[in-house]
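Trainee: The lines below spell out each chain.
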Amino acid sequence: MATRREFIKGSAAAVALSVMGVPAFGAQGDTQADTWVKGVCRYCGTGCGVLIGVRDGRAVAIKGDPNNHNQGVLCQKGMLLVPVIYAKDRLVRPHIRKNGKSSPLEPVSWEEAMKFATDKFAQVLKEDGPNAVAYYGSGQALTEESYLANKIWKGGFKSNNVDGNPRLCMASAVGGYMSTFGKDEPMGTYDDLDNATCFFIIGSNTSEAHPVLFQRIAKRKQSSSEVRVIVADPRRTNTSRIADMHLSFKPGTDLALLNGMAHVIVRDEMDNYRFHGKYCTFQKGDDAVTFDDYKAFLQDYTPEKVAEITGLAADDIVKVAHTFAQSSATTSLWCMGINQRTRGVWANNLIHNLHLLTGHIGRPGATPLSLTGQPNACGGVRDVGALAHLLPAGRVIGNQQHRNEVEDYWGIPRGSIPDKMGLHTIALFEAMAEGKVKAVFIHCTNPAHTLPHLNKHTKGLQTAFVVQTEAFMSAETLKYADVAFPAAFWCETDGVYGCTERRYALTEQAIKPQGEARPCVNILMDFAKRLGIDEKFIPYKNAEDIWEEWRKFNEKGPYNFFGITRARLRKESGIKWPCPSETHPGTNLRYVRGKDPLVPANHPDPIFFYGKPNAKATVFLRPYAPPFETADAEYPFVLTTGRVIDQWHSATMTGTVPELQRAYPTNFVEINPEDAKKLGIRNGDKVELETRRDKMVLPAVVTDVCMPGLVFTPFFDKNLLVNKLLHDAVDAVSKEPEYKICATRVRKAS
Amino acid sequence: MAVVGFLVHTGGGRAQSALAALDAMPELTTYGIHKDNVIVAVAEVASVKLDALLSVIKKIEGVIDVSLTSMNVEDEDPGAALSSEILDRP
Ligand code: SF4
Numbered sequence: 001m002a003t004r005r006e007f008i009k010g011s012a013a014a015v016a017l018s019v020m021g022v023p024a025f026g027a028q029g030d031t032q033a034d035t036w037v038k039g040v041c042r043y044c045g046t047g048c049g050v051l052i053g054v055r056d057g058r059a060v061a062i063k064g065d066p067n068n069h070n071q072g073v074l075c076q077k078g079m080l081l082v083p084v085i086y087a088k089d090r091l092v093r094p095h096i097r098k099n100g101k102s103s104p105l106e107p108v109s110w111e112e113a114m115k116f117a118t119d120k121f122a123q124v125l126k127e128d129g130p131n132a133v134a135y136y137g138s139g140q141a142l143t144e145e146s147y148l149a150n151k152i153w154k155g156g157f158k159s160n161n162v163d164g165n166p167r168l169c170m171a172s173a174v175g176g177y178m179s180t181f182g183k184d185e186p187m188g189t190y191d192d193l194d195n196a197t198c199f200f201i202i203g204s205n206t207s208e209a210h211p212v213l214f215q216r217i218a219k220r221k222q223s224s225s226e227v228r229v230i231v232a233d234p235r236r237t238n239t240s241r242i243a244d245m246h247l248s249f250k251p252g253t254d255l256a257l258l259n260g261m262a263h264v265i266v267r268d269e270m271d272n273y274r275f276h277g278k279y280c281t282f283q284k285g286d287d288a289v290t291f292d293d294y295k296a297f298l299q300d301y302t303p304e305k306v307a308e309i310t311g312l313a314a315d316d317i318v319k320v321a322h323t324f325a326q327s328s329a330t331t332s333l334w335c336m337g338i339n340q341r342t343r344g345v346w347a348n349n350l351i352h353n354l355h356l357l358t359g360h361i362g363r364p365g366a367t368p369l370s371l372t373g374q375p376n377a378c379g380g381v382r383d384v385g386a387l388a389h390l391l392p393a394g395r396v397i398g399n400q401q402h403r404n405e406v407e408d409y410w411g412i413p414r415g416s417i418p419d420k421m422g423l424h425t426i427a428l429f430e431a432m433a434e435g436k437v438k439a440v441f442i443h444c445t446n447p448a449h450t451l452p453h454l455n456k457h458t459k460g461l462q463t464a465f466v467v468q469t470e471a472f473m474s475a476e477t478l479k480y481a482d483v484a485f486p487a488a489f490w491c492e493t494d495g496v497y498g499c500t501e502r503r504y505a506l507t508e509q510a511i512k513p514q515g516e517a518r519p520c521v522n523i524l525m526d527f528a529k530r531l532g533i534d535e536k537f538i539p540y541k542n543a544e545d546i547w548e549e550w551r552k553f554n555e556k557g558p559y560n561f562f563g564i565t566r567a568r569l570r571k572e573s574g575i576k577w578p579c580p581s582e583t584h585p586g587t588n589l590r591y592v593r594g595k596d597p598l599v600p601a602n603h604p605d606p607i608f609f610y611g612k613p614n615a616k617a618t619v620f621l622r623p624y625a626p627p628f629e630t631a632d633a634e635y636p637f638v639l640t641t642g643r644v645i646d647q648w649h650s651a652t653m654t655g656t657v658p659e660l661q662r663a664y665p666t667n668f669v670e671i672n673p674e675d676a677k678k679l680g681i682r683n684g685d686k687v688e689l690e691t692r693r694d695k696m697v698l699p700a701v702v703t704d705v706c707m708p709g710l711v712f713t714p715f716f717d718k719n720l721l722v723n724k725l726l727h728d729a730v731d732a733v734s735k736e737p738e739y740k741i742c743a744t745r746v747r748k749a750s
Numbered sequence: 001m002a003v004v005g006f007l008v009h010t011g012g013g014r015a016q017s018a019l020a021a022l023d024a025m026p027e028l029t030t031y032g033i034h035k036d037n038v039i040v041a042v043a044e045v046a047s048v049k050l051d052a053l054l055s056v057i058k059k060i061e062g063v064i065d066v067s068l069t070s071m072n073v074e075d076e077d078p079g080a081a082l083s084s085e086i087l088d089r090p
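Residue numbers (the working numbering), protein chains in the order written: chain A, 1 to 750; chain B, 1 to 90.
Same shape as in the complex, but just chain B (with noise of 0.2 angstroms):
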């Protein structure tokens, strides 16, 4: 599992309601709203879903854009992460 710190940049006075909705996610602690109706999150999440997860924040309404700041990969093995799917791509 890779722990991943990012900011949700909210807008549309959504800040509340999207920061509902990532509390709901059961990958996601929620540290508060900050200035400019930014979310501080992290994530706990197999860093092969990492981007599905992203995917899944920004369709939020609300959610303007996410902005990564932190990620420790630290108990992944990230060579076994590498499937024989991306070297022998067709």
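Same shape as in the complex, but just chain A (with noise of 0.2 angstroms):
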């Protein structure tokens, strides 16, 4: 008789056959737990579908879903999840610091923390009024809490003030796709991934921070030798290792490339004119303009003047355009390298020019598709609007029609939420060090780890009172909290995760919370009633609730939910929106006729921009312009930082799980051999970066992924916190910091 490890095995190598469609050993996995419960990975945008095996109410295994986009497959980082819930550091009771910062957290009931906590927001709201109040949230929190926070808030408080760390991640595609098109969210799906025959990568290093995609686009290359992939990106990271042209352009200069790209497609008659005489305006500015006006401007951008901005060879830069317009089918990807800039913005419009000029959207594998970085950044806080100036489902907070919808939706009286914009995450702590915003609400998030410009950003940590639901003692933030929640973690609770392609999933719960941890949807009722919000404004038992009153938000508008109903995602494996009935199967292609439901079947059009009020999305005229830091005499190389594949965010999750921790142990500066020759360095030595902002050893990594003049490091670690390092200049529109440009000093360290 097999053995139950032989049994353990044998479902292993079932599970591994039925994803390459073998049928084997009967029904996959049923021997390793006593139930499969459906979920989505806690990391990153991409979404991956989970399985959690649960045996005696403990989560003993994981495996891919097979029937999510993801076809089964997970990266190391999911596929070690489970030892994460049994963390020896997850907080697991309530904390307080009882006589201010310098005071040790000590843990006490939850009535007595709640207490504490909604004492000090009732004297903040009583004495300084709602816009001394904040909540600073996450693109990791469940959809619901985000939801909910913002309701509490700007409906419940009357305060605006209701950000989080997608104006860090986020914000500047939503800017892009909001100018370009009229509505925030990708186009297309990952199915475009399938069908696209030109990839071009831009800003992304799909590999370790989208390590699943990544993998599907590996595939689709080695299916067709007609499959070409362009990655464009000053290191030459593991991404580059499929590419057929690597474009290492010098940091920066991407509006210029992306300009000088435009240039050759329309200079070489390579534009689709039919498309974009049809369905684009040109603009710059608020101004109109002709496409002859755009011709004039992409002068300033000949393969020659862009070669000398960017430092790559005229040829390639032609090569490349060619390329991306003769395809028959452009899929263009691309992530903070363009998202975090003082002009995202911009770039993320540039981009859609080139797939608007060339009519490279609307088809199967044609479409610009942002990557998010963090799972629930779309559907958790950029549909629901937990953004300073946002309201759920596309509305605005300047905007009136918008506020009195809610109002009524909510049930509240119109007037009931301020006129006034919130405060986007830099102003809200630095209106927090200036003592203007007094308490602050952070949830499913790390600021003082993550933040840029660390030592400025972490005083208003220090000066405001400071309530945090975490799920890990290690998170840094918690050095300055005055109020320490323990949360329910990942399948401890249920809730609706929303990734890049517009894909609603759900997470049951699968087990109990560890120790006291609760639901955070619990906590921020409990704290929202004790503080008199009435029980009527937020009638909810529990996350389901919330989900059916956000669902039917939008009944008939363009952010459309209505058909995802919580039966359905108990059933199916995420649906991507619009999806405005229960019988409507999900959208692949949005704004395309008989494949958007939004677009009218009887429309004279094949294509309906249907987010802008002519119904044309626009090519935008936007000049290079230089990152906000560049190497000068003084601090004469340039600094990025990015992700790891084998370490998530700051760690407080990948930093338990001794394998993902042994692959990366602690932050390293990547330098090019070229410099770590000039400068005496070898791998393995400790190199002192300087900025303006703060200076930090690192160990050296002598490598050729930095081009010479750029250091990259990864920001994982608490112990070496590089955001120190960083300036926090933002985009103009979209409030984004910069954090992949700053300039530094690199030296052997003694």
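Just so you know, the hints here were simulated from the structure itself, not pulled from any lab data. Among these hints, one or two may not hold up.
What the hints assert, rightly or not - What follows is a set of in silico ranges between Cβ atoms, one per label pair, in the way DEER data are often shown:
#	chain 1	residue 1	chain 2	residue 2	range
1	B	Ala46	A	Lys571	36 to 46 angstroms
2	B	Ala52	A	Lys571	31 to 41 angstroms
3	A	Glu674	B	Lys58	54 to 64 angstroms
4	B	Val56	A	Pro604	13 to 23 angstroms
5	B	Val56	A	Ser102	45 to 55 angstroms
6	B	Ala46	A	Asp56	38 to 48 angstroms
7	B	Lys59	A	Ala615	50 to 60 angstroms
8	A	Pro613	B	Lys59	51 to 61 angstroms
9	B	Ser17	A	Asn683	44 to 54 angstroms
10	B	Lys59	A	Asp191	25 to 35 angstroms
11	A	Glu106	B	Ala52	48 to 58 angstroms
12	A	Thr302	B	Val56	48 to 58 angstroms
13	A	Pro585	B	Val56	56 to 66 angstroms
To be verified - Per the computed footprint, the stretches of chain B lying under chain A, defined by three or more beta-carbons under 8 angstroms from a beta-carbon of chain A, are:
#	stretch
14	6 to 16
15	20 to 34
16	37 to 51
17	58 to 70
What the hints assert, rightly or not - Below, simulated DSBU-like cross-link-like pairs (lysine-lysine); rule was C-alpha separation at most 35 angstroms, straight line:
#	chain 1	residue 1	chain 2	residue 2
18	A	Lys556	A	Lys420
19	A	Lys319	B	Lys58
20	B	Lys49	A	Lys718
21	A	Lys319	B	Lys59
22	A	Lys126	A	Lys115
23	A	Lys686	B	Lys58
24	A	Lys512	A	Lys552
Ideal placement from N, C-alpha and C gives every residue a C-beta, glycine not left out.
Assembly of the complex is requested from the two constituent chains, each provided in isolation within its own frame, with the hints serving as guidance.
Mentor: Written out as structure tokens, the structure is:
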């Protein structure tokens, strides 16, 4: 008779074989666990579906969900999620700091912690008014949590000071989609990756930041010799492993590259005039201009001029433009390298321009697809409007009609929601430091680790009264928290995530929360009611009730989730909106007649950009502008930061998993061999980086990943908070900080 | 010991030689070469050593990538695997 271990091995083989479409050993994995509970990976914006194996009330196994987009595959981080639940540093009791910031966090009862938190908030609300309180949320919070917090703050406390970490990662992508198409969120999906014949990847290290998507792209590349992959990135990352062309441009010159590509496409008549002549308008700032004006504007971006700015060969610029335009279907992918920039919105616009000029849009495999960094920045924050300028479902604070629609839906008097935008992230932390915002509720994020220019912005955390919901004791922000509420983690509660491709998927509760941890929905409800928010305003028994209210919010509008019922989410492995009815299968191609349910079946044109009043997408004339800081004689190197494959953000989760921690135990600095030689630096040497903000010593990794003049460091390590080195200049439109580029000195440390 | 199921993607006509190399690794059991030259395999390995094992596999000639499909840790105590090295890292 087979042992249990043999059963488990057989099950593991059966799961892997089933992913390959080979039936084996009967029902897959049924010997590993008493039950398998459906969920979504807790980490990146890829949003892979998982099945969590539970035995005797304990999570014991995980496998990829074969019915979700990832088709049963996970990366190593996702595969190692189960041990994170049982990490020793889980925060499992409420804590408070009884005597100010310098006193220790002490464990107390829920009652004492709640009273302590709400007494202070009540005092601030009474003495200083609603603008003195804030909510700082997360693209990792569940949709129901973000919707609820947004409602409590904007409709309940009458404070628009609701922002969160998506401001730091996706705000420029939102600005790009909104300005070009009139509505946020991509028009394509991951299905496009299986149909594209050209991938243009810019400002994204997909192989490390979105590994399962990268595997899908690599698979597509292998499937046909026709497929071309272009990677544009100053670093030669793992992603360029599958590239036919790698464009290593000077950091911060991508706007010139993108305009240069547009120049070549128009010059060589590879633009699709029938497409852009019919579906686009051209705009310079707020002014409408003509295609001829656009052509004149592009004269500044000849390949030769762009070569001078970017450091690329003029021939390569021509070649990449031709490849982009001439493929049968081009998909662009980008992420933080484009978004985290003082011209992030412009860079987004310029990528959209290339698609609109060539007509590579609205067909399978032809789409501009912005990759999301976090698992629920799209669904949980962008869609529910949990940012300082937004209201739910694409509405904005600045529009009275929008405010009134939300007030009516929430059943509160018109005029309840203030007409002035709240504070975006950087302004919020500045206001906290200045004592203008006196109390903040931080949920599911770690700003003391992840904000830029940390020495400046941790002053805000030191000054304001900080309430934090958190699952892990190692979170740096807890050093500043006056109250720490232990949060149920991942499959200890239930809720919905919405990933990059407009797919909403449910994580069901699989196990009980550890210790005294509670679902954040319960924490927020308790908190709000104690502060006098009427029970009728937040009449929910659980997250499902909140979801039901949310999905019906926009029954008739363009952000349409009406058909995504909880019952469907339990059955199906994610549904892509727009989804206007319970029988609608979800939408792959937005704005396309016959594909997007919001385009009338009898619409005269096959494409209908309904986000814009004139139904036309906008090609913007956006000139090249350098980054906020460039290398100079005083600070001669460019520093860029980013992710590594086995660590996630501030490593509060991945840092608890020995195998991940072992793979990347500490931050380091990548430096090109030429630069290393000049500076006498060898692999493993200690290197000092010094910027205008701070200096720091890190171990060197000498590698040609970075071009000469560029150094890179990851940011996950709390013992080397590299964000202290960064400036906090923001994009004028999106208010997203320019994490990706600052000037630095580099020297061998003694 | 964790039990980990995964797919080994191979290319360049080297699926057979990659399979032989995988078969020679004591932690692994393989389950054949499938569509698109993908090898199905299961590893029995202390989860702390998984990363090292995957690195070795990725270096085998002809191996393009490894996709994980399942992991069972029921007889491992993940909390106990968390060494002070991690909590107290410098
Ligand atoms: S690719 Fe992202 S979502 Fe998928 S398993 Fe890995 S970390 Fe999770």
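Trainee: Now look at each hint and say whether the structure bears it out.
Mentor: Here's how the hints hold up against the structure:
1. B:Ala46 x A:Lys571: 36 to 46 angstroms: The hint (36 to 46 angstroms, Cβ to Cβ) holds, given that Ala46 (chain B) and Lys571 (chain A) are roughly 37 angstroms apart.
2. B:Ala52 x A:Lys571: 31 to 41 angstroms: For Lys571 (chain A) against Ala52 (chain B), whose Cβ atoms are near 40 angstroms apart, the range 31 to 41 angstroms holds.
3. A:Glu674 x B:Lys58: 54 to 64 angstroms: violated (28 angstroms)
4. B:Val56 x A:Pro604: 13 to 23 angstroms: violated (60 angstroms)
5. B:Val56 x A:Ser102: 45 to 55 angstroms: holds (49 angstroms)
6. B:Ala46 x A:Asp56: 38 to 48 angstroms: For Asp56 (chain A) against Ala46 (chain B), whose Cβ atoms are near 22 angstroms apart, the range 38 to 48 angstroms is violated.
7. B:Lys59 x A:Ala615: 50 to 60 angstroms: holds (54 angstroms)
8. A:Pro613 x B:Lys59: 51 to 61 angstroms: At roughly 57 angstroms between Cβ atoms, Lys59 (chain B) and Pro613 (chain A) fall inside 51 to 61 angstroms, so the hint holds.
9. B:Ser17 x A:Asn683: 44 to 54 angstroms: violated (32 angstroms)
10. B:Lys59 x A:Asp191: 25 to 35 angstroms: With Cβ atoms ~33 angstroms apart, the hint holds.
11. A:Glu106 x B:Ala52: 48 to 58 angstroms: violated (41 angstroms)
12. A:Thr302 x B:Val56: 48 to 58 angstroms: 49 angstroms Cβ-Cβ, so the 48 to 58 angstroms window holds.
13. A:Pro585 x B:Val56: 56 to 66 angstroms: violated (43 angstroms)
14. 6 to 16: holds (count 4)
15. 20 to 34: Since 3 is at least three, the answer is holds.
16. 37 to 51: Contact hint for the stretch 37 to 51 of chain B vs chain A: holds, 10 residues under 8 angstroms.
17. 58 to 70: n = 6 at 8 angstroms, threshold three: holds.
18. A:Lys556 x A:Lys420: Holds - the C-alpha atoms of Lys420 (chain A) and Lys556 (chain A) are around 27 angstroms apart, at most 35 angstroms.
19. A:Lys319 x B:Lys58: holds (32 angstroms)
20. B:Lys49 x A:Lys718: Measuring from Cα to Cα gives roughly 24 angstroms; hence the hint holds.
21. A:Lys319 x B:Lys59: Given pair Lys319 (chain A), Lys59 (chain B) holds - Cα atoms ~33 angstroms apart, limit 35 angstroms.
22. A:Lys126 x A:Lys115: holds (16 angstroms)
23. A:Lys686 x B:Lys58: holds (30 angstroms)
24. A:Lys512 x A:Lys552: holds (29 angstroms)
Hint check: violations occur at hints 3, 4, 6, 9, 11 and 13; the rest are consistent with the structure.
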